[in-house]
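Residue strings, one per chain:
2 protein chains.
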Amino acid sequence: MKMTPEQVKVQILTAKEKEEIQAMNATIPPETQQDALEMMLKISGLIRSGANEFLTKEYTYLTVFCGIFSVLIYIATDAQEMPNNSEIQYMPFTTIAFFIGAATSMLCGYIGMAVAVYTNVRTTYACNISINDGFHVAFKGGKVLGFALVGLAILVLQLLILAYRKLVLPDNFGQYEVQVSELSRQLFEIIAGYGLGGSTVALFGRVGGGIYTKAADVGADLAGKVCEGLEEDSPDNPGTIADNVGDNVGDIAGMGADLFGSLAESTCAALVISAHSLSILGTTDATYFPLMVSAIGIIASYVSVLFVRVGEVTSENVENKLKLQLTLSTSIMTAFLYAIIFVMPEVTLIEFAGVKYEPTRWHIFACVVSGLWSGLAIGFITEYYTSNKYGPVQTLVESTRMGAAPNIILGLALGYMSTIAPILLIAITIWVSFTFAGMYGVALAAIGMLGCLPVALAIDGYGPIADNAGGISEMSGLDESVRHLTDKLDAAGNTTAAIGKGFAIGSACLVSLALFGAYIVRVEEASEGTHSYTVNVLQPTTFAGLIVGAMIPYAFSAMTMAAVGEAANEMITEIKAQFILMKQGQPPNHERCVAISTKASLKKMIAPGALVIFTPVTVGLLFSKNALNGLLAGIIVSGIQIAFSASNTGGAWDNAKKSIETGEYTSKIPLNDDEQATPFIFRKKDKDGNPTEEHKAAVVGDTVGDPLKDTSGPAINILIKLSAITSLIFGGFIAQ
Amino acid sequence: MKMTPEQVKVQILTAKEKEEIQAMNATIPPETQQDALEMMLKISGLIRSGANEFLTKEYTYLTVFCGIFSVLIYIATDAQEMPNNSEIQYMPFTTIAFFIGAATSMLCGYIGMAVAVYTNVRTTYACNISINDGFHVAFKGGKVLGFALVGLAILVLQLLILAYRKLVLPDNFGQYEVQVSELSRQLFEIIAGYGLGGSTVALFGRVGGGIYTKAADVGADLAGKVCEGLEEDSPDNPGTIADNVGDNVGDIAGMGADLFGSLAESTCAALVISAHSLSILGTTDATYFPLMVSAIGIIASYVSVLFVRVGEVTSENVENKLKLQLTLSTSIMTAFLYAIIFVMPEVTLIEFAGVKYEPTRWHIFACVVSGLWSGLAIGFITEYYTSNKYGPVQTLVESTRMGAAPNIILGLALGYMSTIAPILLIAITIWVSFTFAGMYGVALAAIGMLGCLPVALAIDGYGPIADNAGGISEMSGLDESVRHLTDKLDAAGNTTAAIGKGFAIGSACLVSLALFGAYIVRVEEASEGTHSYTVNVLQPTTFAGLIVGAMIPYAFSAMTMAAVGEAANEMITEIKAQFILMKQGQPPNHERCVAISTKASLKKMIAPGALVIFTPVTVGLLFSKNALNGLLAGIIVSGIQIAFSASNTGGAWDNAKKSIETGEYTSKIPLNDDEQATPFIFRKKDKDGNPTEEHKAAVVGDTVGDPLKDTSGPAINILIKLSAITSLIFGGFIAQ
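Protein chains in written order, with my numbering: chain E, 1 to 736; chain V, 1 to 736.
Calculated directly from the structure, the hints in this document are not laboratory data. Keep in mind it's a predicted model, so treat the numbers as computed, not measured. A couple of the hints might just be wrong.
[What the hints assert, rightly or not] Quick look at which bits of chain E chain V covers, simulated, 3 or more residues with Cβ under 8 Å: (1) 447–458; (2) 506–518; (3) 554–564; (4) 638–652.
[Unchecked claim] Calculated Cβ distances over 10 Å to all of chain V for the following chain E residues: (5) 302; (6) 342; (7) 356; (8) 362; (9) 674; (10) 692.
Each residue gets a CB set at the ideal place from its N, CA and C atoms; glycine is no exception.
Work out the full structure, taking the sequences as your base and the hints as a guide.
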């Protein structure tokens, strides 16, 4: 049943690639080539079907969950009396918006995954030719993900707005002449259901995917690498397919859903807030300004990715190439923004939460641009702390000579330290945008930070694709030089993934603050009496809420980390059992490992998910809105710290390990006189081929960092955003 | 120059002990005994002189620092115009109060250290006789520390109040007839300098001592145990003396200063607040009620320690004995409180920050008692998470079979998880006390939580003494059975130390909130315009302050953890160099290690210390009081989470390691069929005498936990409190 090389090629290669392989055929022994290609196909098929299986199951569960949740949403929103608008009484508009958001988010996750499993094997193949080809294939995959996702998010939202305009608003509202009124805010509060749907799916995507990927990774590493001394991605390790599936379902589908949620929510927040200010704005353009910023971002991103083809990609410049993309798109977007803001009608007066703001065009520009550039700056700071080119990670590498414990201590310290600069930047951004234009300004800053999302997502998606390509190359028994190139691509991807996480966390903070503001207004205006629009922490219930809120991200992290630990244990037990069978001649059973990861992650995502979704509403209903106000503030301020430190610590450990594995890092701290003359070189194996103590210590750090950087850390973004949007949606209900 | 056994005995033994040793002499070969006793003397001498050297240097530095700081204090407080009170214009009253607080704190630290180094060798000796004797000697040491410290704190404060009454208040104020006025609050704001002095010293004591103890511990462990395969506390390890010195300067002097600070500050906060309400209270008794609660605590504690002699102490009941002490003193205190509250004149009306409270006697009782009992409950929850008798630590022990990484992952998760229950308890306490009696109620709850401080301190002090006793026994080459007994005492001490840390963190939160309240009132009343007494987080500057504040504990943790890592590296380099010399026949040079630890810790305590002391004032002056309001709230809510999780994670890892070392833990999770029949037993060494993988993994966890539980974690309490009291003291200045 062996396929001929031609059959294989037909299945995975494009016309141009076929030409290239003909050129390559001259240099590689045909026999090896045939096996390798067939193996590549088989393995990528396993990864694809594993990823499909997981997503299908996950989305089935999620659909059921969303069905149940929508009953609650209906009761708390659509079933409530809607003042001054008899036409939409008791119609399930919010619920439908929620479902559309959820469906769009699932679609985005699915597209990302489909693109990634399509591209990974092609990247491996292209790395056979050159790193330049490999890079472009992987980046193309990322681009599809980025543009598809952002485009879809904006498109669906716009369609929803147009449809709801017709359906929700009374007949005398023309399509483009929204009467300046309370009704317009109601419209956008209903549409905010779209954001809630997106984030609900994102939460389970991140948590479920995160548990999946890290249970497989940690399990495969510990059972295979540590116990049996196998190489990373060895085809003899039954857990490796699950590990590679995990990259797709966690880092691609999960991350795509996460950032889709951010975009949807920040746009919804801005719409609600700007609708609230409409009576003073006197123009609808300002309402749509947020959507326009996102649209400009798509164009700016499109222009900047045109430049990616300029110049050959080499092992040395991969990372810079990616970073240049970010800087370029940010610069182009700034120019575009300037043009558009100074062309649009001026927003002269915004009233929010009882305070009037009179922003000039420069102020509005400052709001968006402060978000945009502080996002980029946060990205580069994250890179400083997680790339092995700089001091922080090098300190970790040096510390591995003292053992695993110093590596862990200094790694945790590194993560904590890395919160300082991003937090100061976010504080400045909030201060600037809030002062200039109130919560509307904060929402604009959030949208600004997400402005170049297509590029950021392209880069984010690129990483796991390159990682998968490496796995496929290793498992297919391709030449070591191929693996070396994919490793180079992957290392750059690790750093840029950290940059992407920085964006995601920063924007989550801004988005949540804007949603928090929108929620406060909704609650206050739904309550009796005078409206103070304040959240006074020097009030018993609020302060109690505040410290409990600050605790929630810890509880959530604990639950997700423990889930990874437990799921990894199940995986280890399975792999160890398989090793015994394999020694009796049976082949590794990858499907069983995939099934275990799937089942464990789906089971274990329920508790942390429920914690996030139900805590705000429960607290609001049981302990008053003051408690919920404090809770939200606490979740936001505490959550971003953990999110930054967890992501950066994990990224730093990962790259410290990679630094040792490449054998390219030379110690800068001589421990004795001999080393003064010939500096110590960190290596994976000593001259007898045994793993070094340094590498072992680095692997401990990397393994500890796995759940931090890929499960608990990134999921906290969604925890923050989801708490805020849940409160906004349920705000009116809670106030009553 | 060998001393005779008699000479040795004369130096270290009491009359009764001499009798006992005569009985013992019959059973031990005289030659061994002589060597051991001499060795004990020598080693305890080294520890004493090391501790003395460190404290002398530290206090010298601190005196200089306090001198410089006092100039700032003078400028910001005493040099400002004092409305309505010409008699105290420009007199350095606050500065003097600050100095007295600092001096008292140093004295407390010194007393604790002196008692501990006096008692440690006696405990070793007593363990020669029985665990019962050993326990009572160690506990007696703790008792001296506890009662001396609390007594001193209250006494000096009371003297200060009496003196300042005469000096500060105009002549027409009788000693016991304070005129109901603004002046009385001024008086107590001046006296709050006492709390600031105490906490400033505590900060450097905790940070400096914490770096000292953990640099020595981590350094000695890694260089000695891991690299050379030496036993813990081996006399051949040049770092062991420094390690034992560290227990005294960090865990005793540092912790004593910490809790002294809590007590001083919470009392000051309560006095400021109650003075503020005086105009309505119409009686001075209510003002002094906080001092009375502390005084009742001393009596209740005294009564409860009388019961410690009831029943023989055995290996099994040590821990329960200590826990019983806590429960007993809390119960007795509750009864006393009931009696006193219902005898005192009723407080009927409190006005604070523009809100009026009308607490009944039951309300006041509830405030104090909620603090008292939630403190105890937090202690027991902490115990649940850190004792090897319960599930959480056992999970860690089981995980060591999978390697170091799962132990670290689950340990971090455990720490995060352990924040939930204490935070909920604190939230409830705050809610109850704040609702019943405003900030006055919160201050009462804080004082209530510290009510049984003498007992808590006795138990806290007991731990390091037992730990030292074990070290001395090991280094003196005493029989293994002695070490076994000291280990039992020490294990109980580890758990109770965790309980003590729980108290310290919980009370720090309450104290800081009360100080925060006092600060807000001071700032508002020093400002122009109407007073809102609110901290509205939905205000740009405040929210920016809030997220920056929440970041400060992370920055502080990073600095202290990195300091330990770096100081430990210096220590490792030194010890490794000494090992080379020792192989050429030279004896270990303990003094050099002590000197390194001393120097490194003093140098490295400056940066984190400066961060804490100057951040609030700088933020307040540069970015307005709103920024400072947010900053304070952020520091408090984020700090307590890190403090709980760091302390508990570290404690759990420590006890997981101990669990393996005692060889008493049997696995509950069989990994294969063989283990179903005969369960796996965790051991330090395998049957060939080689260290087991489980133990190695546990040691990594323990080492990582060291700086978390003894340096960064506990220092965060002081960070929280100090930020709040600095703001209170400088509040008037900032407002202007």
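Hints and how they fare:
1. Interface restraint, the segment 447–458 of chain E with chain V: violated (0 residues with C-beta to C-beta distance below 8 Å; minimum three).
2. Using a Cβ-Cβ cut-off of 8 Å, 4 residues of the segment 506–518 of chain E lie near chain V, which meets the minimum of three, so the contact claim holds.
3. Closer than 8 Å: that is the beta-carbon criterion, and the segment 554–564 of chain E has 8 residues meeting it against chain V, so the requirement of 3 holds.
4. For the segment 638–652 of chain E, the proposed coverage by chain V is satisfied: 4 residues have a C-beta within less than 8 Å of a C-beta in that chain, meeting the threshold of three.
5. With a minimum CB-CB distance of about 34 Å to chain V, residue 302 of chain E clears the 10 Å threshold, and the non-interface call stands.
6. Listed as outside the interface, residue 342 of chain E is consistent with that label: its C-beta sits roughly 25 Å from the nearest C-beta of chain V, beyond the 10 Å cut-off.
7. The beta carbon of residue 356 of chain E sits about 14 Å from the closest Cβ of chain V, which is more than 10 Å, so the claim that it is off the interface holds.
8. With 10 Å as the threshold on Cβ separation, the claim that residue 362 of chain E sits away from chain V holds: the shortest Cβ distance comes to roughly 17 Å.
9. Listed as a non-interface residue, residue 674 of chain E keeps its Cβ farther than 10 Å from every Cβ of chain V; the least gap is roughly 13 Å.
10. No beta-carbon of chain V is positioned within 10 Å of the beta-carbon of residue 692 of chain E; the least distance is around 15 Å.
Hint 1 from the list above is the single one not met by this structure.
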